[in-house]
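Asks: Residue numbers (the working numbering), protein chains in the order written: chain A, 1043 to 1207; chain B, 169 to 455.
One or more hints might be untrue.
[To be verified] 30 Å max Cα-Cα, derived DSS-like pairs, lysine-lysine:
hint: 1; chain 1: A; residue 1: Lys-1100; chain 2: B; residue 2: Lys-307
hint: 2; chain 1: A; residue 1: Lys-1100; chain 2: B; residue 2: Lys-221
hint: 3; chain 1: A; residue 1: Lys-1126; chain 2: A; residue 2: Lys-1189
hint: 4; chain 1: B; residue 1: Lys-411; chain 2: B; residue 2: Lys-307
hint: 5; chain 1: B; residue 1: Lys-307; chain 2: B; residue 2: Lys-255
hint: 6; chain 1: A; residue 1: Lys-1189; chain 2: A; residue 2: Lys-1100
hint: 7; chain 1: A; residue 1: Lys-1082; chain 2: B; residue 2: Lys-221
hint: 8; chain 1: B; residue 1: Lys-255; chain 2: B; residue 2: Lys-221
hint: 9; chain 1: A; residue 1: Lys-1100; chain 2: A; residue 2: Lys-1126
[As the list claims (entries may be wrong)] Not everything, but these chain B residues come out facing chain A in the computed CB check (under 7 Å):
hint: 10; residue: Glu-185
hint: 11; residue: Gly-200
hint: 12; residue: Ile-204
hint: 13; residue: Cys-231
hint: 14; residue: Asp-233
hint: 15; residue: Gln-271
hint: 16; residue: Arg-275
hint: 17; residue: Asp-407
Honestly, the hints are just simulated from the structure, not real lab data. All values reported here derive from a predicted model rather than from experimental measurement. Ideal placement from N, C-alpha and C gives every residue a C-beta, glycine not left out.
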Amino acid sequence: MATQRVVTATINGRERSFLCEPRQTLLEVLRDVLSLTGTKEGCSNGNCGACTVLLEGKPVVSCLVLAVECEGQSIETIEGIDTKDGLTPLQNAFLENAALQCGICTPGFIMSTKALLRDNPNPTEEEIRFKLAGNLCRCTGYDKIVKAVQDAAQRRCGSGCGCNG
Amino acid sequence: MLDFDFACPTSLADAIEVLAAHNGSARPLAGGTDLIDYLRTGRLSANMVVDLKRIPELRVLTCGDNGLTLGAAVPCCEIYGNEQIVKNYSALSDACSIIGGLQIQSRASVGGNLCTSGPAADSTPALIALNAQVQLVGKGGSRSVAVEDFCTGPSANVLQPGEIVQQLTLPAPAAGSGSHYRRFIPRNEMDIAVVGVGASVTVADGKITAARVGLGAVAPKPLFAADLSQWLVGQPTSDATYKEAGERARQIISPIDDHRGTAEFRTHVTGVLVERVLREAVARATA
Ligand code: FES
Ligand code: FES
């Protein structure tokens, strides 16, 4: 067995060190080593987007990232989204628009949407559908997710920074 | 996933050293969107994975009067996020913006797409259209090959054991040039090309003065349509030219039947796409 490595990364704003084998994916380490089970495993081959997290601010599928690649980098997961005041406008938009049924796809959609709205605060419906094509949902039929994203784009987080939370 | 060791060199010399020490059993890692899946499913194996993303030479992206220099590990999102590339190397940004979804584009690199050497790779016909040269480096030194000579068949290329792609260089487009890449897929996004076409043209006084056409997913490797590109020189920028070019492209391909499309369908679509891609490239050249 290849030696385990110590990897230090900033996870949801907090510096953390963990042990992992080179062959372990970031998804495995988040769930099985760090107990951050909000990130979901759908396909494990990069097709479904359920495992989406932000790595250095960019949306990535954590099943196609080796945890050892993340040394010194920042990772944001669904657990880092909410604030001490509760759910963010983006999460509320998903909730209030009933943009989920089983919920397996939701953490991934929220993380991709966060990146999408950061780069494009007022996307058209077509842009939303195109940019979120890397996230699959087998329950909702997507319309409610698209509506939730449009709704989230109208909301602003309370901190005055202009982001959608 | 089978066990492997991991190295993350920060210099080109160290990377070459560690790759050479493993004599072909080490796998270079850029975006990992192919490699990690292949290692997990056992399609490829490795004793050692070498992450190349922290090597400055593989992360360069300079775009100016001398052309474009693109480090092999630069991810797609940095390419279509660069206004100069979008303007002067449109075929490449077109391809990078439709490879996978957002999450894949954050990681997948053009160098990696080339090294996986899939016949349907989206960025390769664009690179062929834009006349890219591939700089390779290994223990024995460096060398350069034209991008159309890089792939030799499905998943096969000219890389020797221990050798890696360092960067791609694309010449600056002449005045009056435009380029485009487009593919046919049964879905709207997130799919593999049934046919992909890249073209660049230079236009003066209503005539094409230079052209390069690259074809993907219609032969064992991405093709440079050399005779067709030569034929286009001197032709008027007219619908008749694009139609004839499509017809000529159909003659040089050797597509297969698979679940994405039959050879007959691919042959038909190749002509249609060549026509449309040339029309758009000319429109961009004259905009
Ligand atoms: S589990 Fe990672 S994309 Fe499906
Ligand atoms: S809510 Fe079930 S997969 Fe999306």
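Asks: Confirm or reject each hint.
Replies: Results for each hint:
With a C-alpha separation of about 34 Å, the suggested pair Lys-1100/A and Lys-307/B falls outside the 30 Å cut-off, and the hint is violated. For the hint linking Lys-1100/A to Lys-221/B, the alpha-carbon distance of about 15 Å falls within 30 Å, and the restraint holds. Restraint check: the Cα-Cα separation between Lys-1126/A and Lys-1189/A comes to about 26 Å, which is no more than 30 Å; the hinted pair holds. For the given pair, Lys-411/B sits about 48 Å from Lys-307/B by alpha-carbon distance, which is inconsistent with the 30 Å threshold.
The straight-line distance between the Cα atoms of Lys-307/B and Lys-255/B is roughly 37 Å, outside the 30 Å bound, and the hint therefore fails. With a C-alpha separation of about 23 Å, the suggested pair Lys-1189/A and Lys-1100/A falls inside the 30 Å cut-off, and the hint holds. For the hint pairing Lys-1082/A with Lys-221/B, the CA-to-CA distance comes to about 26 Å; that is within 30 Å, so the pair holds. Of the pairs offered as hints, the one joining Lys-255/B and Lys-221/B holds, with about 26 Å between alpha carbons and a cut-off of 30 Å not exceeded.
With a C-alpha separation of about 24 Å, the suggested pair Lys-1100/A and Lys-1126/A falls inside the 30 Å cut-off, and the hint holds. For Glu-185/B, the interface hint is violated, since its Cβ never comes within 7 Å of a Cβ in chain A; the closest pair sits about 19 Å apart. Residue-level restraint check for Gly-200/B holds (minimum Cβ-Cβ distance to chain A is 6 Å; threshold 7 Å). The beta carbon of Ile-204/B is positioned within 7 Å of a beta carbon in chain A (closest approach about 5 Å), and the interface hint is therefore held.
Using the Cβ-Cβ criterion of 7 Å, the hint placing Cys-231/B at the interface with chain A is not satisfied: the shortest such distance is roughly 21 Å. With a cut of 7 Å, the hint placing Asp-233/B at the interface with chain A is violated, because the nearest CB-to-CB distance is about 29 Å. Because the beta carbon of Gln-271/B sits about 5 Å from the nearest beta carbon in chain A, less than 7 Å, this interface hint is met. Contact between Arg-275/B and chain A, as hinted, is supported at the beta carbon level, the nearest pair being about 6 Å apart and thus within 7 Å.
Hint status for Asp-407/B: violated, given a least beta-carbon distance of 28 Å to chain A, over 7 Å.
Comparing the model with each numbered hint stated earlier shows that hints 1, 4, 5, 10, 13, 14 and 17 do not hold.
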